[in-house]
Every structure is written in C-alpha cells, then in structure tokens.
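Engineer: Sequence:
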Amino acid sequence: MRGGFGRGHSCVMTSTLTRPQHKKVIAGVCAGLADRFGMKPNTMRLIFVLSCLLPGPQFVVYLVLWVMMPKAGY
Numbered sequence: 002m003r004g005g006f007g008r009g010h011s012c013v014m015t016s017t018l019t020r021p022q023h024k025k026v027i028a029g030v031c032a033g034l035a036d037r038f039g040m041k042p043n044t045m046r047l048i049f050v051l052s053c054l055l056p057g058p059q060f061v062v063y064l065v066l067w068v069m070m071p072k073a074g075y
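Quick note on numbering: the sequence shown equals residues 2 to 75 in this note's numbering.
Honestly, the hints are just simulated from the structure, not real lab data.
Take the hints with a grain of salt, since some may be wrong.
[Stated by the list, open to error] In the DSS-like style, the derived pairs of lysine-lysine whose C-alpha atoms are separated by at most 25 Å in a straight line are: (1) 24 <-> 41; (2) 41 <-> 25; (3) 72 <-> 25; (4) 72 <-> 24; (5) 72 <-> 41.
[Said to hold, decoys possible] DEER-style ranges, computed between Cβ atoms: (6) 74 <-> 54: 30 to 38 Å; (7) 26 <-> 74: 16 to 24 Å; (8) 23 <-> 56: 28 to 36 Å; (9) 43 <-> 17: 18 to 26 Å; (10) 24 <-> 69: 14 to 22 Å; (11) 51 <-> 74: 29 to 37 Å; (12) 22 <-> 56: 16 to 24 Å; (13) 18 <-> 43: 25 to 33 Å; (14) 21 <-> 56: 26 to 34 Å.
In this text, all values refer to a predicted model and were calculated from it rather than measured experimentally.
Cβ atoms here follow ideal geometry from the backbone N, Cα and C, with glycine treated the same way.
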C-alpha cells in the first residue's frame, strides 16, 4: 500500500487552499479542502453533509470559503 490510504489511491496534500475546476460539484470548496488535507472529495462532501445535521454555522462557513478561496490556476 502506497501512502497508507488504500490500494491504487495516492493522496497528495497541497500546500495551498484553492478551489479546483475539475472536481467541483457546486463551488469546489469541499474538493479544495479534500485536496489540501489529502482526502477524497466525496469523503469531504460526506463529512460536510453529516456536519449539517449538527447545530452550527456550516452553510455560512461554506459560503465564506467559497468567496475567500481562489480558483486553482490563478
């Protein structure tokens, strides 16, 4: 197993927090966070959806990150 994340999957953490254009579903925030922390985008999306079941400002944080995170390639 390479990288310790399963067969055939190599996760690479990026040093910057950007919104990728190729993995996005809505705005690319979850995909950007997943890239930054070396996770799969769908795992980050699941974590976000599950966190919405808890009280807190999850949607506000998502919107702030959407505005603050630059698009990849800029």
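Engineer: Could you work out which of the previously given hints the structure breaks and list their numbers from low to high?
Structural biologist: Hint check: 12, 13 fail, others pass.
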